[in-house]
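Peer 1: These are the residues of each chain, in order.
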Amino acid sequence: MATTERLTSGGVGEAVLRKEDRKFVTGEGRYVDDLKLPGMLHAAFVRSSFGHAKINSIDASAALAMPGVHAVLTNATLPVETGVLSASNPGGDVRHPEQAILAKEFARYVGEPVAMVIADDRYLARDAADAVQVDYDPVPVVVDAEKALEPGAPLVHAEYDSNLVKTLAHVTDGFADALAKAPKKISLRVVNQRVTPMPMETRGCIGDWSNSTGEVTLYTSTQVAHFVRTFVSIVCGTSEAKVRVVTPDVGGGFGAKLNTYREEFAVCAASKVVGRPVKWIEDRTENAVATIHGRDQVQYYEAGVDENGKILALKFDAVQNNGAYNQLLTPSISHLTLFMVPGCYDIQDVSITIRQVFTNTTPTDAYRGAGRPEATHGIERLMDAIADDLGIDAAEVRRRNFIKADQFPYASATGLSYDSGDYHETLEVALELSEYAGFEERRAEAAKRGKYRGIGLSTYVEVCGLAPSAVTAALGIGAPGWEHSTVRLHPTGKATVITGTSPHGQGHATSWSQITQTELGIPFDDVEVIHGDTAFQPYGLGTYGSRSLAVGGIALYRSLGKVREKARELAAHLLECSIDDLEWTGTSWQVKGSPDRAKTIQELAYAGWTSASLPEGIEPVLEATTFHDPPNFTFPFGTHVCEVEIDQATGRVEVVNYTAVDDCGNVINPMIVDGQVHGGIIQGLGQALFEETVYSDDGHMLTPTLVEYLVPSAADVPPMTLHRTTTPSPSNPMGVKGIGEAGTIAASSAIVNAAVDALSVIGVRHLEMPMQPARIWNVMQEAKS
Amino acid sequence: MGQTITVTVNGTAHTAEVEQRTLLVHFLRETLNLTGTHIGCDTSTCGCCTVHLDGETVLSCSLLAVQADGSAVRTVEGLEQNGELHPIQRAFYENHGLQCGFCTPGMMMSALGVIEQHPDASDDEIREALEGNLCRCTGYQNIVAAVRSAADEMARN
Numbered sequence: 001m002a003t004t005e006r007l008t009s010g011g012v013g014e015a016v017l018r019k020e021d022r023k024f025v026t027g028e029g030r031y032v033d034d035l036k037l038p039g040m041l042h043a044a045f046v047r048s049s050f051g052h053a054k055i056n057s058i059d060a061s062a063a064l065a066m067p068g069v070h071a072v073l074t075n076a077t078l079p080v081e082t083g084v085l086s087a088s089n090p091g092g093d094v095r096h097p098e099q100a101i102l103a104k105e106f107a108r109y110v111g112e113p114v115a116m117v118i119a120d121d122r123y124l125a126r127d128a129a130d131a132v133q134v135d136y137d138p139v140p141v142v143v144d145a146e147k148a149l150e151p152g153a154p155l156v157h158a159e160y161d162s163n164l165v166k167t168l169a170h171v172t173d174g175f176a177d178a179l180a181k182a183p184k185k186i187s188l189r190v191v192n193q194r195v196t197p198m199p200m201e202t203r204g205c206i207g208d209w210s211n212s213t214g215e216v217t218l219y220t221s222t223q224v225a226h227f228v229r230t231f232v233s234i235v236c237g238t239s240e241a242k243v244r245v246v247t248p249d250v251g252g253g254f255g256a257k258l259n260t261y262r263e264e265f266a267v268c269a270a271s272k273v274v275g276r277p278v279k280w281i282e283d284r285t286e287n288a289v290a291t292i293h294g295r296d297q298v299q300y301y302e303a304g305v306d307e308n309g310k311i312l313a314l315k316f317d318a319v320q321n322n323g324a325y326n327q328l329l330t331p332s333i334s335h336l337t338l339f340m341v342p343g344c345y346d347i348q349d350v351s352i353t354i355r356q357v358f359t360n361t362t363p364t365d366a367y368r369g370a371g372r373p374e375a376t377h378g379i380e381r382l383m384d385a386i387a388d389d390l391g392i393d394a395a396e397v398r399r400r401n402f403i404k405a406d407q408f409p410y411a412s413a414t415g416l417s418y419d420s421g422d423y424h425e426t427l428e429v430a431l432e433l434s435e436y437a438g439f440e441e442r443r444a445e446a447a448k449r450g451k452y453r454g455i456g457l458s459t460y461v462e463v464c465g466l467a468p469s470a471v472t473a474a475l476g477i478g479a480p481g482w483e484h485s486t487v488r489l490h491p492t493g494k495a496t497v498i499t500g501t502s503p504h505g506q507g508h509a510t511s512w513s514q515i516t517q518t519e520l521g522i523p524f525d526d527v528e529v530i531h532g533d534t535a536f537q538p539y540g541l542g543t544y545g546s547r548s549l550a551v552g553g554i555a556l557y558r559s560l561g562k563v564r565e566k567a568r569e570l571a572a573h574l575l576e577c578s579i580d581d582l583e584w585t586g587t588s589w590q591v592k593g594s595p596d597r598a599k600t601i602q603e604l605a606y607a608g609w610t611s612a613s614l615p616e617g618i619e620p621v622l623e624a625t626t627f628h629d630p631p632n633f634t635f636p637f638g639t640h641v642c643e644v645e646i647d648q649a650t651g652r653v654e655v656v657n658y659t660a661v662d663d664c665g666n667v668i669n670p671m672i673v674d675g676q677v678h679g680g681i682i683q684g685l686g687q688a689l690f691e692e693t694v695y696s697d698d699g700h701m702l703t704p705t706l707v708e709y710l711v712p713s714a715a716d717v718p719p720m721t722l723h724r725t726t727t728p729s730p731s732n733p734m735g736v737k738g739i740g741e742a743g744t745i746a747a748s749s750a751i752v753n754a755a756v757d758a759l760s761v762i763g764v765r766h767l768e769m770p771m772q773p774a775r776i777w778n779v780m781q782e783a784k785s
Numbered sequence: 001m002g003q004t005i006t007v008t009v010n011g012t013a014h015t016a017e018v019e020q021r022t023l024l025v026h027f028l029r030e031t032l033n034l035t036g037t038h039i040g041c042d043t044s045t046c047g048c049c050t051v052h053l054d055g056e057t058v059l060s061c062s063l064l065a066v067q068a069d070g071s072a073v074r075t076v077e078g079l080e081q082n083g084e085l086h087p088i089q090r091a092f093y094e095n096h097g098l099q100c101g102f103c104t105p106g107m108m109m110s111a112l113g114v115i116e117q118h119p120d121a122s123d124d125e126i127r128e129a130l131e132g133n134l135c136r137c138t139g140y141q142n143i144v145a146a147v148r149s150a151a152d153e154m155a156r157n
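For the record, the sequence lines run as chains S and C. Residues in the first sequence are numbered consecutively from 1, following the working numbering. Residues in the second sequence are numbered consecutively from 1, following the working numbering.
Hints are computed from structural coordinates only; laboratory data are not their basis. Every residue gets a Cβ at the ideal spot worked out from N, C-alpha and C, and that includes glycine. All the given hints hold, so there is nothing to weed out.
To give a feel for the contact side, a few chain C residues facing chain S, derived at Cβ under 8 Å: (1) Gly36; (2) Cys103; (3) Pro105; (4) Leu134.
Between the sequences and the hints, there should be enough to build the whole structure, so can you do that?
Peer 2: Printed below as a string of structure tokens:
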């Protein structure tokens, strides 16, 4: 769109409209399913229809007899070196059973791929997959994580003596004393139910293997192209240097595409077999079983508190359902929960035990927030339980427990160093904006209309900007946490920015252009941002964990600084002065106080390219690369206030007011930040009100489509009121923190707390998610009887 | 079994032989290479594949291509005219009504149907009317603002 349409200059801090958007609104976006390669064939998978079964035999003869079917591949015939690899091993002794690309002897969850059909088109591939006969012997199933830990439970992996994956534990020295001395103990059980990420674009990939060169190109809908490349090279047995992974436009991820999946390896190996490109596009029903799920954690809290509601000691025991196998980061997700158990409260004595468990279900892994929503939801429910028990206002009990603004940097009981914050301020601003003080009048008014009305708070802090590489190593993650950037100035004065981040809706092309304009004076429209193609990037860790700006953005900031400083040396040489005589105007280097003696960044880009006269020791071309490893995480925080009304006749919960006050440090583009908060809140609302991934006891998936699995629609959600405070992070030079997950982390507890408050008038003290009408109606009937 | 059909898409008549079971969305995407219309579910639930068929808002995943024989289809690719964005496209851009962009074509086609039939729709009515189009990114706030803005602009012109 033309520059003149924009009311902004294009720099940092402005609500610049997105340069990505034109292709999306005209239908010219290019997602994986939009790509066609010459000679391309189509894959369909035969998947287990049993939660747990021995595979006796696979008969593909009927499928192979169908004209246009090229191959049916099984574990015995798919040419791979190993199974799916996990990068996560916290504590060093995590059980990592083999996850074969196609199931070997047993299928361990509904949807596990057993065979793969390659055919001329996708309809035929599906027909042929249906014609493959698999002879199964069903064996006992366990889907509930707590039941899976009971003695005698069916074993998901017979090679182990139990279903325990790993126990994470952390106890402070003073915990036992502190709990014993606490005058009051308050306990709470909280279920953070299993949910399905459901990005609107399912997964999909195309493998294109050249048998003459050994090169393979994989087009895949992912958040982590370089992880995929590294693992394809290992699993498929080829040099990493011969693997190119291309990420076209990605239609949402939310963590579901922060992974390396069996199908990505399978299409590469299948392409090697048939000698032609092989495409697989996941359908929605497949997505519900073949792509990771999130959450599924049962928590037991015990807080030792004093008479004023101050928490003196906190015990947290949880069981985390990992599913049938560990995916890329599965064992680390509940480790993030462990970190954030104390939340934004000054609790120095904790005892935390998290038992991770195998079950006959789809693996869980990172879903928006990834372990942190579980921690926040639980502690925020607990704060309300304490307030309720002691008769203290919910806001006041939080004030009494907050880490105070003068305590930062704050050493948490779980070993983190919270960078900066002012939790009291976001709380007070949110209470004011939401008219918290006048709520009782609204409750009374709603009662006259047959509605229970309640108000709920969530005061959250999250750990973002994943991650310092020394920390990821210490946590047993076999991957670093840095990010890459390259800034390249062309002879014409235009800029190419290459980033290792991997946007799928976050608008990095826009934000990175804003940073480039502000730091280097190259106009917004003269900046092109390249991402998502391993052929162009040295390496990139990708987009997840609210890391893109706080790590990738800082990598860009530092490359821009390097280019600006190189330009300065060039300018001093051309202007025949010392570099100390120069000042940066925002677009040029000029001799201090002499605007007529200056070189614009574009002139310097040209001079650097022509290299007609370079200062001693300076290489041609203005270009710089940075691998930025963050010194610490960042810690965004805020207060969300929700009001709900519950229909006394039907139990329907309606969110009628939602106020969010977030602090993500300095902001590059407030429009994009608001969009992230909106979307994040509604994903949290989805979990609070509608979403639940349900298995039957025998392992069948009961929510395999968007008919059974309810994702919020426009009609289900309220308008939201957003506000921000600004507490810059001291951990990076832009003072930024990250905002991608905050809304989801905050929202569910604000909504549930509001619903519990609404039903407190009939004696209800706790509610589990999702708060679907039937559940609430039953709770109301029990409360009244 | 093949059948020859003629469908006018965005003003251009296309004649092709299709399998009788071919869905309209696959005909648009695979035969005509109009990939702006997306597929997000198997159950007529998400609205990503929304197009207009003879002026009606329909789900192209729930119609066979042969059912569109002799009809006029309008897809997202038909909105822009002579390099000028349609008001609904401009409104989504100017209101940050999209993030990943995957639901956007279907969302805009549904929104256009709403505006054309109910130009004075309230925000609540817009929300109800878009119930069949799911977006996982935006939380809908800016989508509603975009539709409101496009409706106002289309009413002025």
